[in-house]
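Note that the protein sequences, when read in sequence, are chains A and B.
Quick note on numbering: the first sequence equals residues 1 to 330 in the numbering used here.
Quick note on numbering: the second sequence equals residues 1 to 330 in the numbering used here.
No lab work stands behind these hints: they were computed from the structure.
A quick note: this is a predicted structure, and the numbers were derived from the prediction, not measured.
It is possible that some hints are incorrect.
[As the list claims (entries may be wrong)] Pairs of lysine to aspartate or glutamate, EDC-like flavour, derived with a Cα cap of 16 Å:
id : chain 1 : residue 1 : chain 2 : residue 2
1  : A       : Lys-2     : B       : Asp-232
2  : B       : Lys-139   : B       : Asp-232
3  : B       : Lys-91    : B       : Asp-123
4  : B       : Lys-2     : A       : Asp-312
5  : B       : Lys-288   : B       : Asp-311
6  : B       : Lys-2     : A       : Asp-226
[What the hints assert, rightly or not] Label pairs and their in silico Cβ distance ranges:
id : chain 1 : residue 1 : chain 2 : residue 2 : range
7  : B       : Asp-226   : A       : Asn-13    : 24 to 34 Å
8  : A       : Asp-312   : B       : Ala-199   : 15 to 25 Å
9  : A       : Asp-247   : B       : Lys-282   : 37 to 47 Å
10 : A       : Glu-313   : B       : Ser-244   : 49 to 59 Å
11 : B       : Lys-315   : A       : Leu-330   : 51 to 61 Å
12 : B       : Leu-30    : A       : Leu-330   : 50 to 60 Å
We put the beta carbon where it would ideally sit given N, CA and C, even for glycine.
What follows is each chain in one-letter form.
2 protein chains.
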Amino acid sequence: MKKFINAVADVENEMIQGMVKAYPQYIKKLDCGNVLVRPQRNENKVMLLSGGGSGHEPGHAGYIGEGMLDAYVPGAVFTSPTPDMIYEGIKVIDNGKGVLLMVMNYTGDVMNFEMAAEMAAEDGIKVDHVIINDDVAVKDSTWTTGRRGVAGTFLVNKITGAKAESGASFEEVKAAAEKAIANVRTMGAAISPCTAPAAGRPGFEIGDDEIEIGIGVHGEPGTYRDKMMPADKIVDILLERILSDIDFNGREVAVLINSSGATPLMELYIINNHLADVLASKNIKIYKTFCGGFMTSMEMAGFSISLLRLDDELKELLDARASTPAFTCL
Amino acid sequence: MKKFINAVADVENEMIQGMVKAYPQYIKKLDCGNVLVRPQRNENKVMLLSGGGSGHEPGHAGYIGEGMLDAYVPGAVFTSPTPDMIYEGIKVIDNGKGVLLMVMNYTGDVMNFEMAAEMAAEDGIKVDHVIINDDVAVKDSTWTTGRRGVAGTFLVNKITGAKAESGASFEEVKAAAEKAIANVRTMGAAISPCTAPAAGRPGFEIGDDEIEIGIGVHGEPGTYRDKMMPADKIVDILLERILSDIDFNGREVAVLINSSGATPLMELYIINNHLADVLASKNIKIYKTFCGGFMTSMEMAGFSISLLRLDDELKELLDARASTPAFTCL
């Protein structure tokens with residue numbers, strides 16, 4: 001393992017401290033532990049809190065800020081944050097208007113967020129959660145019951161954050177989150193693994209001529225393994241699964257081509273070149289495209305495609321002003 | 001070589017087409033070749049054109065837009081654009097207020113930009129250029145006479161773009177560029193190579209326990225090779241060179257920690273954790289920090305540190321509104 005780190009045991013803490021030092025205008029760490037909150041919060045809005053294992057940077061601590069998240073609770077690499085830390089986050093940001101928890105569908109995360117929500121509810125805090133499960137690759141997985149929450153989470157957080165920032169009610173904000181979740185689908189593939197620092201070796205092995213179709217964001221198994229093939233063919237395979245899951249015909253969509261980490265923008269653009277043509281040929285209109293590392297798996301080489309079906313409300317929320325360390329929208 | 005591409009010969013064209021399809025509101029490709037321009041330009045300003053080899057995405061085509069560049073001319077991977085393409089770009093964006101060429105210091109680029117500028121000047125176009133050479137790692141290199149232009153280019157383009165957008169004169173815009181160049185210094189290191197598609201194999205070899213200090217953005221040799229060491233120690237080495245080159249004592253600075261491609265944000269934040277402490281201990285005040293892949297080398301694992309000394313004018317220009325595919329500033 002060759003990484004720009006110091007002691008393995010310090011990776012998460014040093015990462016979080018380094019992030020806070022880089023973006024003090026956006027992120028404050030609570031003294032009680034690794035709980036990150038907006039330092040100046042708009043108190044006239046519903047609060048949004050997310051959390052999850054580290055290793056997906058900038059997802060999703062990088063999206064704390066105006067128009068997106070109010071708090072993020074990072075766990076250790078690929079490990080859910082603990083209920084007590086989530087609970088501390090909820091308590092600090094609670095302003096009486098309700099705290100909505102944005103939970104990616106992994107068994108450990110769902111369990112810990114539900115426990116934290118119970119603890120907060122006992123304190124009289126208005127709290128609820130939504131579960132993001134955009135990955136069409138597998139029905140159940142080694143990490144989940146049901147579908148996994150992957151890169152489409154960025155789009156769900158953007159939509160929900162904009163709705164909250166607009167001053168909408170708790171019920172309206174939750175409905176916007178559920179609408180985004182109902183309309184977003186993702187699938188990915190990878191060609192090289194990543195190494196969790198504490199493990200010290202790659203999370204899986206893969207041949208020089210192989211690709212894992214439907215890979216998870218922790219390197220967990222996907223749909224099947226195949227021989228490496230041209231980018232256009234991979235796009236066709238992923239799109240076929242996404243487009244057969246819900247009806248995109250005639251719809252406007254947001255496209256997110258997400259790098260797993262080591263895959264450069266050069267390749268994401270090549271992927272988009274074919275993807276845009278295929279969507280046009282299928283009567284699907286691209287409203288906005290995002291290319292980059294929005295929810296990574298450290299240095300894994302791979303990518304995912306997310307499509308979000310849009311209506312007028314979702315377009316307006318997608319375009320709404322946002323200002324966070326990793327994403328800004330005028 | 002395992003990459004998400006189709007035919008090797010199509011890499012640059014498909015990449016550029018995919019970028020234009022992703023960001024039609026920001027980038028238009030000219031019919032004459034791979035020349036990228038802002039589709040709607042502010043005609044009340046000096047025009048800025050840059051160019052260089054591909055493989056550094058989002059640098060710098062990703063910075064076409066309001067408050068940054070008006071045109072970018074991408075060459076093949078790690079290859080200067082040709083004089084005729086640069087000339088076409090200059091002609092299209094020329095509005096009589098002058099075209100300033102933002103050239104990174106590589107022998108091929110400097111030669112081709114100077115030839116293009118001569119061609120444009122013969123047409124009566126007001127044109128001049130600045131040379132960005134922020135890398136303190138080597139005095140001359142296999143690719144340059146004098147220092148190389150590396151990630152600090154992003155900061156120079158941001159400053160100069162803001163000055164141009166403000167409606168400043170040609171002479172004032174050039175002076176702002178030169179001021180940014182005079183005040184920015186960069187040095188990097190890498191631990192794994194990248195593979196240019198046309199070459200089909202990694203640009204250099206490096207042991208599992210080795211690091212190249214002072215690496216160039218094409219994988220060209222740096223200052224020296226050493227055994228891999230903790231991140232904090234690498235930061236100390238790079239900072240020592242940067243801080244001894246010009247006097248940063250008591251100054252405010254912008255910090256750019258740039259990923260060479262495969263190095264994840266997790267590691268950039270760990271780097272920043274120590275970097276911020278060292279600067280504080282040396283009486284250097286951090287005004288703003290940028291972490292991410294601003295000028296990459298495809299999938300190379302590595303990073304660079306850039307420091308830009310600031311005064312009131314440079315702070316205002318750094319903070320000015322920008323809207324481009326890869327960087328937005330409210």
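Now the hints, each set against the structure:
1. Lys-2/A x Asp-232/B: 14 Å, holds
2. Lys-139/B x Asp-232/B: 25 Å, violated
3. Lys-91/B x Asp-123/B: Cα-Cα ~9 Å, so holds.
4. Lys-2/B x Asp-312/A: 41 Å, violated
5. Lys-288/B x Asp-311/B: 13 Å, holds
6. Lys-2/B x Asp-226/A: Between Lys-2/B and Asp-226/A the Cα gap is close to 13 Å, so the pair holds against 16 Å.
7. Asp-226/B x Asn-13/A: 24 to 34 Å: Distance hint for Asp-226/B, Asn-13/A holds at roughly 26 Å.
8. Asp-312/A x Ala-199/B: 15 to 25 Å: Between Asp-312/A and Ala-199/B, where Cβ atoms are some 49 Å apart, the hint is violated.
9. Asp-247/A x Lys-282/B: 37 to 47 Å: 60 Å, violated
10. Glu-313/A x Ser-244/B: 49 to 59 Å: At 56 Å between Cβs, range holds.
11. Lys-315/B x Leu-330/A: 51 to 61 Å: 20 Å, violated
12. Leu-30/B x Leu-330/A: 50 to 60 Å: Roughly 26 Å apart at Cβ, these two residues miss the hinted range, so it is violated.
Against the hints set out earlier in the document, violations occur for numbers 2, 4, 8, 9, 11, 12.
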